[in-house]
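From just these sequences and the hints, can you work out the full model?
Chains as they are written, first to last, in full-length UniProt numbering: chain A, 1 to 395; chain B, 1 to 395; chain C, 1 to 365; chain D, 1 to 365.
Worth double-checking, as some hints may not be accurate.
Ranges between beta-carbon positions, derived for each pair [stated by the list, open to error]: (1) A:P104 - D:E244: 43 to 51 Å; (2) D:V48 - B:P26: 53 to 61 Å; (3) A:E374 - C:Q45: 54 to 62 Å.
These are computed hints drawn from the structure, not numbers from a lab. Virtual Cβ for every residue (Gly too), placed ideally from N, Cα, C.
Each chain, written out:
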Amino acid sequence: MGDLEAFRAEVRSWLEDNCPEEMRQPLASDQDHVWGGRQWEFSSDGQRVWFERMVEKGWTAPAWPIEYGGGGMTPAEHDVFKSEMKRINARSPVSNFGFWMLGPALLKFGSEEQKREHLPAIARGEIRWCQGYSEPNAGSDLASLKTSAEIDGDYFVVNGRKIWTSYADRADKMFCLVRTDPDAKKQAGISFILLDMESQGVSTRPIQLISGESPFCETFFDDVRVPRANLVGELNQGWTIAKYLLTHERDNIGGEPPGLLKGRDLAKMALEAIGADEAGRLDDPMLRADIARLEIDAMAFRALVEHTRAKAEAGEGVGARSAMLKYYGTELNKRRYNLMMDAMGGQGLEWEGERTSGGRYAREWLRSKGNSIEGGTSEIMLGIISSAVLELPKG
Amino acid sequence: MGDLEAFRAEVRSWLEDNCPEEMRQPLASDQDHVWGGRQWEFSSDGQRVWFERMVEKGWTAPAWPIEYGGGGMTPAEHDVFKSEMKRINARSPVSNFGFWMLGPALLKFGSEEQKREHLPAIARGEIRWCQGYSEPNAGSDLASLKTSAEIDGDYFVVNGRKIWTSYADRADKMFCLVRTDPDAKKQAGISFILLDMESQGVSTRPIQLISGESPFCETFFDDVRVPRANLVGELNQGWTIAKYLLTHERDNIGGEPPGLLKGRDLAKMALEAIGADEAGRLDDPMLRADIARLEIDAMAFRALVEHTRAKAEAGEGVGARSAMLKYYGTELNKRRYNLMMDAMGGQGLEWEGERTSGGRYAREWLRSKGNSIEGGTSEIMLGIISSAVLELPKG
Amino acid sequence: MILNEEQQMLADLAERIFADKASVDTLRAIRGGSHGNDYDQDLWQAMVESGLTGILVPEDQGGMEFGLVSAGLVAREVGRRLALTPFLSTAVLGAIAIGRGGNDDQKSRWLGPIASGELIVALALDESAKHRPERVATQATAAGDGYTVTGQKTLVLDAANAGVFIVSAMLDGTPRLFAVEIGAGTVDVEPVVSLDTRSMADVRFDAAQAELLDGDDNTLDAVLDAGRAMLAMELVGLSRAVFERTLTYLSERKQFGQRIGSFQALQHRAAHLSVEIEISEAMAFQALAAFDSGADDASQQILAAKARAAETARLASAEGVQMHGGMGMTDEFDIGFFMKRARAASELFGDANFCTERFARAKGY
Amino acid sequence: MILNEEQQMLADLAERIFADKASVDTLRAIRGGSHGNDYDQDLWQAMVESGLTGILVPEDQGGMEFGLVSAGLVAREVGRRLALTPFLSTAVLGAIAIGRGGNDDQKSRWLGPIASGELIVALALDESAKHRPERVATQATAAGDGYTVTGQKTLVLDAANAGVFIVSAMLDGTPRLFAVEIGAGTVDVEPVVSLDTRSMADVRFDAAQAELLDGDDNTLDAVLDAGRAMLAMELVGLSRAVFERTLTYLSERKQFGQRIGSFQALQHRAAHLSVEIEISEAMAFQALAAFDSGADDASQQILAAKARAAETARLASAEGVQMHGGMGMTDEFDIGFFMKRARAASELFGDANFCTERFARAKGY
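Put into structure tokens, the structure is as follows:
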């Protein structure tokens, strides 16, 4: 306890001394995020200084072992560190799929060589990773993926296509699920490999969404040669790693809506757009009722999120119950954006123009429709709840 | 055309002369319905006179052939007859499952002998029929019924149990689905037979519903001997008749709610119970919105019912689309009764007592919950729409 | 929120007592002879013995002096077992009204007997079929040292067995709470047979002798908060119970050669319902904890909890009946009792519309 | 209602023309160059040639003189094909405003050119982001023989190409309709790029010379009815179209070794949606027929039709995107266009809340 308090004091003082003032402001846009990687260019000195100092401390990956470039913190120390970072609203110095996905997977499933090769490079922000999971014909049914990796001497030869790879066009490397045994049944023939996006035969194409531009890309593999040493875990055992990461991904659902409505009061927006009646009530009784119901549901949902967090902190596993949060949270967010559109009326119909900062209402409303699809559709979540939580018989 | 107008004049004048004034009033309760049968007792002279006169004309079953005790009307004449009955609000002189279910089935599938034996007795109101379809372990999956009929010489020996037989305790005879081939697969081993409720081994037990008393019974068969001549259609071919009657049953869904709310204005009830605000609006804005949405949906549903009727009259088959009406109409009715309860507040909590005529609000609300179960559940209807209307692939 | 050790022990205790004493069979038996005035006396006795009747009574009056979260753990069991008990009227509403509003004399006269199970208290607020607590026509008039109250009340729980009534009445243009002891004047109790067999009555006070409960300006608000909070927990409990029965049925009942729980359409509906229940329960606990900690927005949270719990119970009982098919419609099966109870518990102290309306108003839109 | 022979022929004609001329590809092409002022000129030409532009124009002005049911058959195709066309603004709203409100001179000047496709008319009613037709700040002032109007309008369809504006403005404290010819004064059109590529603009009138449309007290009501009725049909058409595409996708797309249309949960949702669409279409046709026959409750029916059609389109497009999964989120697939169009058509002339609110008010509660 004393040690931990000493640690807290040390962290606090170091952060106070080293975190530039401008890095203590909330991200104003996605552009303020430091992704790192070979092509990265800092947008400000503060960004660069903060990045360099944190890399030097190993605090870009505080809980990773020191020998792999991390901070070597114990879980308790890590909690202290996070609370201190939060205390001053410090931004993350650098973050990409390498930190929150590949790193944990390598620590659990990687060989010693792989850990030594990749983890320090991630921690130092030298390599920016992207995730190659989904395929055009394997949406919710991820395990039916077809991108093939045939063994040719010391290499895999990869052919196929990945979709929904965020920032594939800006990443240096990809961790990727490939089919290495076409005869095995689904999950059984999948391997988890690492490949360089600069390899010959890799090309990417950005995906335009119904809401406009997006970070998503398609990635094409045309006889891409990948060293066999880049296989993580056993051959044909990649599904284990994939499942581990999928669950990991779903755990990140909180009570706050993303995007435009983050921290904004829907009822206030509606009052400003529509006005109040003589009794001071929003002058659209049906929208008013819808907003009240939404706010009640949102408050109740946050209560469940808090409860779940508290249980997790008390050491009770969350497991498949995270599917409940993913399901309800995303459906709630879609409702929220629908109501925002109801409130904004004609302004919500604008697609360009200054008045709406380039059609922000319409675009973010449309973007919210993807929430119940990405990271596992609502239907998949309901299926997981049905089988893993309720234990209803299989169909 | 001239003939039809002459027919209309004749019907009109006869009805004017023969339908007692009291038989031109709407049914005040289920008790006013004339079911007929061996034990029937008329509740008034008018009821008896009207019954006897109509029986004599053969107009209890206007469209059945004269030789089977009917009125021998053509479809066009039958339409005229119905419109003239409706013009003076004449009650049906007698009605039971014999008229609306067994009669049509016998006309289509019965032998000449069966027609001559049963149809006139139905038309004259001498025999009251009930329907033996459902079984405790064969709800929506009717074809999995287990009540067995083994052949023993000139008889079937029936054992088993039927459920949801309306008025089984008051009916004279039952038409009944029984399993005559236990080895055949489901639909293939079912026969359609007629049995007398006074046969040895038949017993009935009324079913209490969550809303209180009900016309439904369970019927038990313990070695009941039924003459083989009472088989309608071919042995093991009863499913064809059953299907014919099930579709027939579903066609009777209209736009009007049954029960307490029939002809009553929900908004008016709510205004009386809750009052209005200074602007004259129902003083519960959320209930007001719910009622308006319900009224809109109900009006729209009636538009579809009208449209469907008009199409049917124009000779276009309705087919599986009747499942759409059954589904939506019953769900609508449940919503309607929920809103009535929301409007009535504390009065809706009464189960007995004069103020609410014996807890009528609560009881009819509870009764409405059965609408989406009886006559094919909403789930079955959605399945029919999915496969027969939308032609989605089978699971 | 996570239960602390004391609360967890209480939860276990309540579950044990109710599992042992309360069942739908008892409900059926009481219904058989009911004239709107019965409750489960065995259960009440067991609650007295374990101290649950004094859960909100101060220790110096013989109670446990726990908070609303703890009381909610009992209310959840009440809903789960469809128990017929004056717990809400007496142990919660009576204890809070007297505990917050009573003077030392009143507290010492009534709180002890509440804790010991000797006194049943009935709260008489509503005067019309819909809950409108601020519409009070009942009048209080000063008379000698005390007051008399005159007026007609409805939806009064446990009135037939009450020794003390807590009555809202207008005094100088403001609604205040009064206590009327049975025998202290003309109190006419007309029991109502209710759809869920809950003891309920219309009560007429004719210049009945009354004492002002004058302790705390916010006593009525606290009583309303507590009533809604407890009913929210009842509704959560019954939602869980009807859902458990439905899940069991889905796992056992076969149609078309399969267990019906294997049909995906039902699975998704069951999964959705399970999420609604989890969320309503989390909301209810959070709201109760907010009340206990005196949070500013406790009333709002309780309104939210009651609105949500009512909607969840409506869905859970409707899905319960529908998924049970024809069997769910029979009185022989227990499933309909949950639907009846859900209706009554939703209506009392303001239905979902009422709570949502007040929530919006409190939020300023 | 069932279509009569004339209406059936018109339905077939409209379907043929739109199938031939209108497609999402055209929409994409126009979107590419759009600055809020484009429409599908090939389609418009084909509509002129087949007489559809004169569908509501009297025969003596070169039109077909059909009713709103017939116009609705065209509007349904507009929605189904996501067509960009001034049909609503000109052939319906313009024709009704001038046909009912115009004097003989005005009719003869404008109705013929509407029928012949030479004149595009834009209706300028709304002044705020939500449809509130009675809130009119725009002022009309007598000036010489006629009037001038001054004010700011928004959500004006097809303004960029309009030859005549129909403008609501206050005259002596009452909102009235006026006609403003382009070139007849200061009219400033600022196109808005809309989410569904519909031609839309903010329009400012600065003492623009205007003629009063004085024929019929109820002209504005008729215009509002017609606008809502046509949008209801557009919404029905687009609901059908997005549902057809979704059904096709369900029947083709495989996941987990099965066509996804074989999953019962999706089947039930699709079946439910199909019923909603049928009902909304029946309601819309009945409402249009009520308008044509001059039924007392035609406005109420139209409010009901618009409210329902908007909700149905919202559901149909939401289910469309969700059931298409990630593909439904891409601009490459057409499915998102239906969602965008549904949003705009729902908002214009009053969203579902507005229509439901007015419906309740008209019903007296």
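(request) Could you say whether the range 53 to 61 Å given as a hint is met by the Cβ separation of V48 of chain D and P26 of chain B? (result) Holds, at about 56 Å.
(message) A range of 43 to 51 Å was offered for this pair. Does it hold for the Cβ distance of P104 of chain A and E244 of chain D?
(response) Once the Cβ atoms are compared, 45 Å apart, the range 43 to 51 Å for E244 of chain D and P104 of chain A holds.
(message) Looking only at beta-carbon atoms, does the pair E374 of chain A, Q45 of chain C fall within the given range of 54 to 62 Å?
(response) 57 Å, holds
Going down the numbered hints, you'll see the structure goes against none, and every one checks out.
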